[in-house]
Amino acid sequence: MSQEGHERAAAESTGAETDAPHQQARWYAGDRYEPLLSEKSSETVTVESSLPDDLTREELELPDLAEPEVARHYTRLSQMNYGIDSGPIPLGSCTMKYNPSFTEDVAAHPGNRVHPLRADDDKQGILHLLYELQETLASIGGMDAVTLQPPAGAAGEFTGIQVAKAYHERQGEGSRSEVIVPESAHGTNFASAAMAGYDVVELPSNEDGRVEVDALAAAAGEDTALLMLTNPNTLGLFERDIEAIAEIVHDAGGLLYYDGANLNSLLGKARPGDMGFDIMHFNLHKTFATPHGGGGPGQGPIGVGADLAPFLPTPQVRETEGGYETYEPDHSIGRVHEFVGNWLVLVKAYAYILRHGDEGLERVSETAVLNANYLASRIEYEVPYGPFHHEFVASADEDAADVAKAMLDHGVHPPTTKWPEIVDEALMTEPTETESKATLDDLAAAFNAVAGMDPEALSETPSETTARRIDQAAAARSPRLSWHDL
Amino acid sequence: MPYVTHSGAERSAMLDAVGVSDPDDLFDIPDSVRFDGDYGIAAHSERETRATVEGILDESADLTEFLGGGHYDHYVPSVVDHLSLRSEFLTSYTQYQPEVTQGFLQALFEFQSLVVELTGLGVANCSMYDRATALGEAVLLADRVRATDGDRVLVPEDLPDRVRAVLDNYTDGPDIGVESYPTSEGTVDVEGLADCLDEDVSMVYAATPNARGVVEPDLDAVGDLADDHGALFCVGSDAVALSLLEPPAAYGADVVVGDAGVLGLPTTYGMGLGLFACREEFLRQVPGRLVGAGEDDAGNRAYTLTLQTREQHIRRERATSNICTNQAWLALRAAIHAAWLGPSGLVDLAEDCVTGIAEACERIDDLDGFDAPVYDGHHFREALVDTAAPAADVVDHCRHAGLALRTVEDAGRERLAVCVTDTNRDRVNDLIDALAGYGGGA
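Sequence order for the protein chains is A and B. With the numbering used here, the residue at position 91 of the first sequence is 142, and numbering never jumps. With the numbering used here, the residue at position 356 of the second sequence is 567, and numbering never jumps.
In case anyone wonders, no lab produced these hints; they're calculated from the structure. Do not take every clue at face value.
Stretch by stretch, here's where chain A covers chain B in the computed footprint (C-beta under 8 Å, at least three residues) [claimed, not checked]:
hint, stretch
1, 358–369
2, 401–414
3, 435–443
4, 504–511
From chain A, some residues computed to sit far from chain B (all C-beta separations above 12 Å) [what the hints assert, rightly or not]:
hint, residue
5, Thr154
6, Asp172
7, Gln175
8, Arg369
9, Pro506
Don't be surprised by glycine CBs; every beta carbon is placed ideally from N, CA and C.
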């Protein structure tokens with residue numbers, strides 16, 4: 052790219068020049084920021100090949116840059132991006148905690164470079180780690196068996212539902228057609244159930260923000276295949292009636308599914324299996340701190356009770372006299388990913404668990420819960436319900452999306468907004484255990500500074516960020532999805 | 212305690228602020244479901260943890276792999292690690308606040324642009340889990356856009372069992388029938404396919420290169436057949452092959468799925484980066500995340516996740532898929548790798564996939580007791596080999612020479628499969644030596 056265009060923007064200010072310790076770079080080049088690769092260089096090459104012409108393309112048009120320009124391009128892009136190493140990301144239900152650096156080195160170890168189609172004897176290291184991790188997760192979840200195949204939490208949900216369906220069919224109960232989901236549940240629960248062919252029955256919350264047990268009793272019946280629940284729920288509230296809930300579902304012949312998105316508040320304190328859950332998924336990339344990579348890869352293993360173990364995906368790993376081997380469970384549902392999902396996430400999660408040990412894991416959930424309650428006590432917005440576990444949902448007086456944009460000007464990432472819908476203008480906040488008291492105080496200050504802003508000033512935020520507010524509705528009305536569309 | 216930053220005094224102050232003396236008091240869990248045991252996991256220092264995990268990983272054999280079968284190893288330039296591991300990328304979240312995530316959004320927009328160029332189709336999303344789940348999503352898309360009739364999809368009989376097993380789970384909910392159509396001489400049997408087609412078919416799938424490593428010679432005819440019956444035509448391929456092969460849109464593909472992890476992703480036990488592209492008219496039925504270009508309040512170009520009303524967090528049970536976390540960081544890596552190669556580098560890498568396996572087959576074919584490739588036609592990266600001796604015995608023999616190969620069931624017998632890319636091409640001599648030295652070879 053030409054050299055003339057790179058000037059750090061002089062930030063316009065709307066009065067939010069309070070401490071913004073995590074401010075990002077902006078790169079102006081004429082009327083845009085860092086140009087697209089295609090705007091720096093576009094090269095059309097004529098394709099010559101030993102293949103016949105009718106099988107090959109005539110030409111390929113793509114950017115053609117030397118490594119220094121590639122390096123600068125992506126370095127600039129990274130500087131225009133906010134990660135947990137830049138500052139806090141208190142997104143409720145997303146569990147964005149600091150990720151230890153050493154797990155990247157473990158993931159870079161040459162022993163990870165193994166092809167999945169090797170014979171079992173030739174990949175004992177891989178199978179050994181898979182075995183150790185599946186046993187460890189079973190212990191943490193209070194489950195009897197674990198599959199490590201699903202490549203994300205939502206994929207874990209789908210896998211768990213398919214396992215439940217296969218189980219019901221084998222029991223001669225294949226006519227069960229409904230999955231019950233509380234209204235506060237993650238959107239993935241609804242989508243995964245629908246994807247598996249089930250009708251979704253939505254369960255209202257009671258005045259406490261928890262499952263309405265009477266409504267559940269009315270909804271559960273011979274059509275019920277599954278109740279999907281996260282505990283604590285997305286309001287950060289523990290479902291104290293969990294035993295009654297489990298009894299209702301089991302008496303109706305259904306199974307109880309645990310959405311593991313909030314498991315980080317239970318480590319060392321409670322196990323889904325002990326609460327009566329039959330199936331659960333783990334979000335390894337949340338609970339066990341794998342960097343989220345801007346949206347993945349994740350990993351969503353599921354754990355099940357003994358009755359459901361024969362239905363898990365193939366292959367599973369077991370210990371033999373001399374090592375480890377793969378096998379297919381008797382009534383396996385098959386596969387949900389071609390291989391074992393995202394291997395590197397498994398390695399990082401295992402390293403994270405070993406590093407902490409029992410005591411460290413319990414300290415994780417204790418500190419996550421302490422941090423959430425401390426932050427909740429410091430902010431001036433109304434925080435309904437309680438007591439909280441690792442997250443809470445505040446209610447903004449203004450448009451929660453505006454509040455989020457204004458918080459960006461304070462150099463912090465805002466919470467999840469407008470969800471769950473049970474709370475008006477929801478600000479769903481999960482600071483996690485890795486934020487210091489000073490950072491929590493910064494976050495509270497950002498909340499409170501925004502709480503005092505007048506609506507007009509609010510609507511003009513953010514001004515201190517890489518881009519000003521983006522018109523998402525306009526972007527959706529006339530979609531431009533590649534540089535070919537510009 | 213690792214990664215927990217409070218001092219004792221800070222912790223006390225925070226406990227005071229929330230009105231408890233012990234963090235345990237904050238846990239609103241009935242005693243009856245409290246966990247009072249332990250997991251039995253000992254804490255390790257960072258050094259001990261690394262030593263333990265790396266020691267386990269070292270238990271795998273040190274082998275040169277000629278395995279392929281849907282998971283391919285290409286050299287990944289160092290700059291891919293160094294840039295993608297920049298923590299602002301690695302430790303960032305899904306771009307729900309685009310004003311502070313312009314960098315990642317732009318990189319994903321550039322990834323989508325790459326896939327659009329490679330496929331010739333109008334729309335690409337910014338990743339799927341892997342090629343098998345991308346195919347599953349393509350079938351669900353076909354079912355939605357042709358919801359009034361079709362409830363069968365046709366796949367080639369050589370579709371790997373692993374991929375078929377994933378597809379069976381994806382098609383179970385909507386009760387779509389997956390049926391195989393025949394192949395002949397290692398490629399699509401076009402007449403056989405025609406016999407399978409009727410108006411109930413919502414999608415026809417074909418891969419190029421196919422599961423036998425052959426570049427399909429007549430996908431025009433397959434596309435025409437699908438079109439004549441009102442079925443979508445879905446093509447499976449990968450980002451390196453598409454750099455050389457005719458863009459699928461040119462022969463009528465409506466959807467392209469496959470693997471983009473051939474760029475930027477080394478062999479890491481089957482991690483994937485699924486690619487997904489389709490014609491523009493299916494835009495609002497696309498699964499997964501899309502990045503769009505728009506403007507910010509200052510009138511500058513800016514990027515954002517777009518058309519989110521298709522997605523689970525808004526549409527819930529009516530979403531086009533349940534995807535939330537996808538493979539964004541791997542898409543970033545693929546985009547960096549492609550940028551580093553440039554168009555000539557991509558074409559050269561792909562051409563090496565043609566010449567590498569051709570050369571290996573020629574040399575294997577010269578050996579007594581070996582016939583390579585089994586099928587005439589142009590191969591890409593891999594080929595099947597017939598052996599006079601049982602193929603499994605040949606695999607065992609090569610294993611002792613430090614080489615990993617595999618067998619496949621094909622046309623009722625067991626055959627050897629060989630995959631050659633830039634990362635093992637300099638070991639083909641060893642492969643030839645091992646095969647030549649196979650005692651019972653002839």
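Taking the hints in turn, this is what the structure says about them:
1. 358–369: Since 0 is below three, the answer is violated.
2. 401–414: That given contact is violated, which follows from only 0 residues of the stretch 401–414 of chain B lying within Cβ reach (below 8 Å) of chain A.
3. 435–443: Violated, because only 0 residues of the stretch 435–443 of chain B bring their Cβ atoms closer than 8 Å to Cβ atoms of chain A.
4. 504–511: holds (count 8)
5. Thr154: The assertion about Thr154 (chain A) is violated, with a minimum of 9 Å to chain B.
6. Asp172: violated (7 Å)
7. Gln175: violated (4 Å)
8. Arg369: holds (16 Å)
9. Pro506: Check passes; 16 Å lies beyond 12 Å.
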